[in-house]
Amino acid sequence: MAERRLPDVEKDNVVGFNEVTTELIHRLTANTEDLQVISIIGMPGLGKTTLANKVYNDPRVLEAFSTQAWIYVSQSYTKTDLLLSILKSGNQVITATDEKSLVKQVCGYLTWTYLIVVDDVWDKKDWDSIKEAFPNYKNRSRILLTSRNEPVAVHANPLRDPYKLDFLTVEQSLELLQIKKYISSKPCGLRVRSFLCFAKDQVNLPREHEGCIPEEFKLLRVYHIKPISSPRFPSGIDKLVHLTYVAFSGDFTTIPPAMSKLWNLQTLIVETTSRTTRTIDVKADILKMSQFRHLHTNKASKLHGLAKTSKDASSNKSVQTLATITPESCTGDVLGQTPCLKKLGIHGKLATLLEGSGSSLFDNLTKLEQLVTLKLSNDVFPDPPSESRLQGLPQWFRFPPNLERLTLADTFLDWKHMYVLGMLPELEELKLKDNAFTGESWNLLDGGFKKLKALQIWKTDLVFWKAKAEHFPSLQHVFLRDCTKLVEIPSSLGKVETLRTIKLHRTSSYAATSARKIKQQYNGLKVEIFPPDLGQGSSPGW
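Going by the UniProt record's numbering, the first residue of the sequence shown is number 1, and it counts up by one from there.
Treat the hints with care, since some could be wrong.
Keeping only pairs whose Cα atoms sit at most 20 Å apart, straight-line, the calculated DMTMM-like set for lysine to aspartate or glutamate is [to be verified]: (1) Lys466 x Glu426; (2) Lys459 x Glu497; (3) Lys283 x Asp363; (4) Lys451 x Asp379; (5) Lys125 x Glu426; (6) Lys517 x Asp533; (7) Lys433 x Asp482; (8) Lys288 x Asp333; (9) Lys431 x Asp461; (10) Lys131 x Glu271; (11) Lys431 x Glu150; (12) Lys343 x Asp333; (13) Lys375 x Glu428; (14) Lys451 x Glu33; (15) Lys125 x Asp166; (16) Lys343 x Glu440; (17) Lys283 x Asp251; (18) Lys468 x Asp533; (19) Lys343 x Asp128; (20) Lys453 x Glu428; (21) Lys485 x Asp533; (22) Lys453 x Glu426.
Cβ-Cβ distance ranges computed for the label pairs, FRET-style [to be verified]: (23) Glu99 x Lys239: 42 to 48 Å; (24) Lys218 x Lys450: 53 to 59 Å; (25) Glu132 x Lys239: 19 to 25 Å; (26) His505 x Ile94: 36 to 42 Å.
Everything labelled a hint here was simulated from the structure, so no lab data went into it.
Every residue, glycine too, gets a C-beta built ideally from N, C-alpha and C.
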């Protein structure tokens, strides 16, 4: 398990947390008997761990809980190490011999009122793997969870909103600068570890100032300057070898090979403002960077496989996110280096990937056994929809085997191909955007969508949607947007026992009226309609 030293927290030098600290302590010490999960979320560097530690060591909290422990999850945890950490924090003698007995021993140790901080949880499955060790003895015990990902927090406790950390206000920033610990007559560049800019408006950086920041702040680890647009790829950035997180924007079309020098880099976020390109050519060998995990770009990235002369075909088990790449990048050379990839987005002419000779490219996705999130976005520009329509989908068993979340956009598929998606065994969330499917009727087949929990349909010409409750046995949320021709939401959806919400945004008034009828017939169902008066008053119309 990765060891992590907790931040030193003194009352004098923690700024901006007063209100949320009070709220957190109130919730932690409330009289609610059931075990509660309370979450703090926010992007890296905002102080989630610092806030949690401040609350954790508050005298009121120390008095309220008989047992306290802190576990650091991160992305490299093992369940066994986390369980051992809880027991060691209480100086317990380890008697368990395997993971199952460890869980039992932890449950036995947490008999009295306890507080466990579960720090830096990245994925829903991370929480699911350890939550069984936290018993609910109805004695006002609490879990304080921190995560940079809001879906993780909502998953851990869907009944209570997480605390979202915001950036400091101008007044709070000035207060921070006045704290005696930070006042110095000497240059501060070498002590700065994070440089972040979050201006609302884009700022153009003069060419003569490009290298100033890398020159002055040589030990930076976090470098977020997206609002500052550079006229070319930022110069000197390859010298900041301590960087773990980089986000920037500018008028460029290439990520140069020099970025490969940043051997500590974990996250790279790039936005190009260039109007002359639809892709970003990634010439840096990011897949060979041992710490690299996440690539996010606003245009599709073109990744390159191994050079013909290269004999090094080793895989990089650190890479988890390739947010947007071109279909042509989905080669065995590229995806074969990312066996632990969890999130993948593909944007471009999807026929290259899904049809004809492209079928062999899609087979490379089948091998991504840890992939849980996939987005397929078809580039229809400048062709008319009739020429951009995909003729079909690969057979369901050729999709990644553990896929949980799938988004399709601009694919113009016929509804008859939906049966393929219904057969995906682990699919929980399905988003169909911008004419992903077109046609007048959608008739569902039996036996599909066994685990589907959330369905979103945005912008389609669908008129008739025919379904039975048995077609969506696990469905919880339905969101329809810009479905202006839909005459009715299937009334049978109200019989789905798991259904919680139906949201409609600019649909037909017919659909809105049918949603209200479903709500009247089935108590407990939440229906949200925008505009609120849609389908009310006058007789329904389009």
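How the hints compare with the structure:
no.	hint	verdict
1	Lys466 x Glu426	violated (23 Å)
2	Lys459 x Glu497	violated (27 Å)
3	Lys283 x Asp363	violated (24 Å)
4	Lys451 x Asp379	violated (30 Å)
5	Lys125 x Glu426	holds (13 Å)
6	Lys517 x Asp533	holds (15 Å)
7	Lys433 x Asp482	holds (10 Å)
8	Lys288 x Asp333	holds (12 Å)
9	Lys431 x Asp461	holds (16 Å)
10	Lys131 x Glu271	violated (38 Å)
11	Lys431 x Glu150	holds (18 Å)
12	Lys343 x Asp333	holds (18 Å)
13	Lys375 x Glu428	holds (14 Å)
14	Lys451 x Glu33	violated (32 Å)
15	Lys125 x Asp166	violated (26 Å)
16	Lys343 x Glu440	violated (32 Å)
17	Lys283 x Asp251	holds (16 Å)
18	Lys468 x Asp533	violated (28 Å)
19	Lys343 x Asp128	holds (19 Å)
20	Lys453 x Glu428	holds (5 Å)
21	Lys485 x Asp533	holds (18 Å)
22	Lys453 x Glu426	holds (11 Å)
23	Glu99 x Lys239: 42 to 48 Å	holds (45 Å)
24	Lys218 x Lys450: 53 to 59 Å	holds (54 Å)
25	Glu132 x Lys239: 19 to 25 Å	violated (47 Å)
26	His505 x Ile94: 36 to 42 Å	violated (54 Å)
Hint check: violations occur at hints 1, 2, 3, 4, 10, 14, 15, 16, 18, 25, 26; the rest are consistent with the structure.
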